[in-house]
Amino acid sequence: MSRSAVRGRIATVILLGGILPSLTSLAAHLVLGDAVAVQEPLHEGVELVGSCIALGVAMLLWLRLRHESASSHLVWVMASLVLMGLVDCLHALEGVSITSWQRHGATFAGGLLFGLVWLRPLPAVTRRIGRFLLVVVGLALVLGMWWASDWMPATWDLAGSYRLPVIAANMLGGIGFLTAALFFIRRYLRTQQTEDLVFANHTVLFGVSSLFFGFSHAWAADWWVTHGVRLLAYSVLLVAAYDVVVKLYERTAGDAQELQRCVDGRTVELATANSALRESVERFELANQATFNVIWDWDLKTDALYWNERMHTLFGYRPEEIEPGIESWTNRIHPEDLESVRTGIHEAIDSGRDHWSDHYRFRRKDGTYADVDDRGYIARDANGQPTRMIGAMQDITDRRLAQDALRDSQVLLDETERMGKVGGWEFDMDTQRQTWTKAVYDIHEVDLTYEPTVGSGISFYTRASQPVINHAVQRVLEAGEPFDVELEIITAKGNLRSVHAIGRADPARRKVLGFFQDITERKRAEEEVRTVNAELDQRVKDRTAQLAAANGELEAFSYSVSHDLRAPLRAIDGFGRILSEDYEHRLDAEGQRLIGIISSETRRMGRLIDDLLTFSRMGRQEMAPSRVDMTALARSVFEEQEAQAPGRTLKLELKPLPSTRGDPAMMRIALGNLLSNAIKFTRRRDLAVIEIGTRQEDGQTVYYVKDNGVGFDMTYAHKLFGVFQRLHSPEEFEGTGVGLAMAQRIIHRHGGRIWAEGKVDEGAVFSFSSPGMKEE
Amino acid sequence: MMTSDSNLDIAEILLVEDNPRDAELTVRALKKRHLANHLVWVKDGAEALDYVFGASADAPSAVAHTPKVILLDLKLPKVDGLEVLRRLKGDERTKVIPVVVLTSSREESDLVQSYRLGVNSYIVKPVEFGNFSEAVADLGMYWLLLNQRPGPVSTA
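Protein chains in written order, with the numbering used here: chain C, 1 to 776; chain H, 777 to 932.
Nothing false has been slipped in among the hints.
A few chain H positions that, by computed beta-carbon distances, are all more than 12 Å from chain C:
| id | residue |
| --- | --- |
| 1 | His-810 |
| 2 | Asn-813 |
| 3 | Lys-819 |
| 4 | Ala-822 |
| 5 | Thr-842 |
| 6 | Arg-863 |
| 7 | Gly-866 |
| 8 | Met-917 |
| 9 | Tyr-918 |
| 10 | Leu-921 |
| 11 | Pro-926 |
If we take Cβ atoms under 10 Å as the criterion, some of the chain C residues that face chain H in the derived model are:
| id | residue |
| --- | --- |
| 12 | Ser-560 |
| 13 | Leu-565 |
| 14 | Ala-567 |
| 15 | Pro-568 |
| 16 | Asp-573 |
| 17 | Gly-574 |
| 18 | Ser-599 |
| 19 | Ile-609 |
Hint data in this document are derived by calculation from the structure and do not stem from the laboratory. Each residue gets a CB set at the ideal place from its N, CA and C atoms; glycine is no exception.
Extracted from the complex, chain C is given alone in its bound form (with noise of 0.2 Å):
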């Protein structure tokens, strides 16, 4: 709709609510005369319709006022609006009376109200507590003129004139507008204001109506008039409430538009806001979930225990097992720990701290204990009271454990090196640090104070050292070369000390490592070790030239036997001989006898020494081994001794015999002997068994030769094997004494052993065996 559309509206309805009606109460007047029932409801509209514009004008330029500060002369407009529009109200209803003071006061009140526009602008303040007095006050007069009505003076006389006070009040008002006026039309001069306009006109309309007011008489036609023209004047008002209308629109619209950019900037503000919250939550969950943590938020007003999912992948509580209060808490600390974790808590709390930490144990789902590091911070209100509590609980079981074994492989590596007189160095290439550990500050007989360096270190060593281990250094941190030295130092007591130092680099930690060990003790056993060998070795030098000079000895011995020995035995025996024979008439039989003693006695003599030669050379004889058939050996064997037995009986009861490994003559020799004992110690018995078998004795083969001869008295067991040793007298039993030596001799140079068991005149066992006569 447009502005002069509604101009034109506003002008039908100025029209309509004000002429008209004004034309319509004068034709009815002169037509009807003064019929009651028509002029009163005609002046109480009339009243009515410019009381309601007046209040709604009223209305809407207090609305407009409280954006407004330039228009402040509007302050009155409205009070005095305000204040008319009421008193009319209450006049219309009232009707026309004698007594009606009202419409009067509202004119004398109205105008001086409209008068004070000329005043300069009140301050905020003052204006709006004088718009609540003018409401109270406009309130208090209207209800006052209503209720002291009575005691007014009339307002008009028996003809119908109004009395001098009314028409004073009615000029004083009308003086108010008029003065009102030549404000506005100053105003609209200055302006161009339809604003100002409206006022000018409204003003100068009621103050001429209530200028003549006073002249009228009740129910006459100029009474009626001056009503047309005030409801004309405030019907001029209505063009104002329009342009308060629009400019408060437009005003409303702006406002709106600037409200819906602000709603705008907010939004996008708060959006912002919300994803950075979100991202912030999202960041705070993450952290959540990533720490090894358990979080807690504990409420210290409701005592609520807020526990994270930590608490269940750490100590194993689901959250529905987790109580909600403080309890949740309390209750898994260990018994030992409650009292002083407590304590410490509240003492961090009531001290004014704004974080609390502490150590304890911290009993697990399993029912085992945790050691847990428990972190919490205390946050206040304004007053300083403790409102909450947050934290951080740590499981450092682990850590412990770990710190635990570190203490005690420290001890070890403390110990082993206390033990080892070792310890370990190391370098660092970029620091130019040295490390010791203990031992080395031991073995260099300094205190843990003295702080090493390379140089220092090296300065430890003898002069004929220094330059070995200079090099050895030179290279490992030049070139990486590793190194292994054994060299001496000279220890900050002044001992001299052997010592073995190893190094090498370790590039990716850019270092240079390794052991040293005090080896002087093991240098003074190599030293001992080594005379003591070195003497042992002359020793053995000496005894084997001694064996080598005993040995030479003794074959020149037994080569002497073998050819000197003899000669002079074949002399006796010969001459011997050749005097029997050549003097075989001269001799008598007794010299013969004596002769014949000296021959067998030599003879004898010849076999002792061919047996000791024997014996000898079995000791000297160097052995050929091989596979040796026992059983054919002994049938051989067997066989050859028979042979030399004429007139005897002999059963040989040859079991079959493994196979064996030696040296076959030698072996041929020991059972030889064996066999020619066994005939010769079974010579009294008419039957003589001789038995050859095999047993096995400890997981080996164990040959036995068994006879049923004169056996022997086991007392004498040991002399059997000795060289001639004999049980018998060569009267019973010839024999040199020599054969089960040289069994014996022969069985031991095979590695293994002899031994006889028997009983006198129950025969003898001879047993043999061997690990090195293995089975075959």
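Starting from the known structure of chain C, fit chain H onto it as the hints suggest.
For chain H alone, kept in the frame of chain C given last:
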């Protein structure tokens, strides 16, 4: 040097034996079989070599004597039996002369060494006289009467 025959050239047995008792027993055993008529007895190795080689020991001429058999003891003064054996068997002229070692030694090393040097026979003297004279007589019989050998080798 003792011979039972004045004609040295026809000596058939050279006995090298330092022990006079053994020598006497040996001679007696051979005599019983009448084999000692051309026997020359020397008492050590040096004499034995002198007898065989004469002055020609280092000359390429013919040797002085080539007996039919030499009975050689091993343990001898001056030059021992094994050395004599080595010299005899090492010389082409005397190589063919049969040498019988007649010794008391039963030592394996002596036996092995003798055969390595080319001995023709090795007899251990029995202590018992009967066996001894029998053995000596048998070997005399064998080498003097039964054994055939080629004639003296001439190096010329």
